[in-house]
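S.K.: Below are the chains, spelled out letter by letter.
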Amino acid sequence: MATPSIRSIVRKGVWEENPVIRQILGICSALAVTNLMTNTLIMGLGLVFTTAMSCATVSALRKVTPDRIRMMVQVLIIASYVMIVDIVLKAYLPKISEALGPYVGLIITNCIIMGRCEGFARTNPVWPAFVDGIASGTGYAVVLLMIASVRELLGFGSIFGFGVLPADWTRWTIMVMAPAGFFMIATFIWITRSLENRSKPQKA
Amino acid sequence: MESTLSAPVIFFASIFTNNILLANFLGMCSFLAISRELPSAVGLGIAVTFVMTCTTALNYVVYYYLLVPLDLVHFRFIVFIIVIAAFVQLVEMIIERFSPQLYVVLGVFLPLITVNCAILGVCLFMVIRNYNFLQSVAYGLGGGIGWLLAITALAGIREKIRKAPIPKALEGPGISLVIAGLMALSFMAFSGMIQIG
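First to last, the sequence lines map onto chains X and V. Residues 1 to 204 in the UniProt record's numbering are what the first sequence lists, from first letter to last. Residues 1 to 197 in the UniProt record's numbering are what the second sequence lists, from first letter to last.
Note that these hints are calculated values from the structure, not bench results.
Over the 10 Å line for every Cβ pair with chain X, so calculated as not near, a few chain V residues:
id : residue
1  : Pro-8
2  : Arg-36
3  : Pro-39
4  : Thr-49
5  : Phe-50
6  : Leu-58
7  : Pro-69
8  : Asp-71
9  : Glu-96
10 : Leu-102
11 : Thr-152
Here are some of the chain V residues that sit facing chain X, going by a computed Cβ distance under 8 Å:
id : residue
12 : Ala-85
13 : Val-115
14 : Cys-117
15 : Leu-120
16 : Leu-170
17 : Pro-173
18 : Leu-185
19 : Met-188
Here chain V is said to cover these stretches of chain X; the calculated rule only asks that three of the stretch's residues, wherever they fall, bring their Cβ under 8 Å from a Cβ of chain V:
id : stretch
20 : 110 to 116
21 : 170 to 182
Yeah, the Cβ is synthetic: ideal placement off N, Cα and C, and Gly gets one too.
Construct the entire structure; sequences and hints are all you get.
M.R.: Below, the structure is given as structure tokens:
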């Protein structure tokens, strides 16, 4: 199999096969951290780092990993990188680390990373695997930021913690609570799928 | 600083007010994928409840009697995931050996459980909230039952709406998320009862 070009990998990861809205992967953290944009951004960056590095490592080890225990190896690789992210966050951004709580650790079980490792990194060389990890992670982070921007704007009247709406703005408290997270993702899926159906109406 | 809530309070809170799925969004992936039919949803729910209770207890012991004394708390992610994976593997082998019938029902779900974020999530919450052993077990059991309740309800609703006219773009995961949102709304009605951190 020819190695796909870097450009097509990026386009696929960010848009065509966007992990959140196309494949419905990694929803757990997508819902939990998206009520504040700052937290979302940090989470996104952590995920990009973890995905890219794990994909590269899995790919580097792909010839020496026995097939039977590859899941275990992948999980351990991912867990090691998540540990690095966790320690760095604790050292430099203790407030955000506390706000994210267990969700940093839950990057380990984020299906996006496992999915990319299984589906791409296991059969491709290191460099494309690394780029693929960055692309998928970015696709995830972008969708999360979009969802977070709506939720924070309507829920707190601010963006990245700066108030942008007038002070007498009635806060939609529901937007920062659990149900709104479900509704926002459903709406996003609805919008993107409608756009897709319109652009190619004769879909088989 | 130890949590002062009693174990039964934590148990009920983790089922209703702090439902692991509807309030903390954990275990969404398998929640959406396996909720098409009622029997398999219930099967997965039971398996999750069982594994969650046992691994929470196991991880509690490992964390407080191994990692804390050795000053290795940063390794908890790796250790927790290994404990979970090993336990799931063990359960799978035991069930296969002693109860082939149960294996047919639950066997297919067991590998899925290793990567179910709800299990790891409960273990991490347990550490963050400083629960003692009894509280942790109550939290694990309650979280599992809460998850079982949520996935059973979703599967039931999805079976009912199978023939409903849903907008094309919203079919599948979209409508499931809307249902989950409505369920989360109705579970919020419980929130006046008990509150945990």
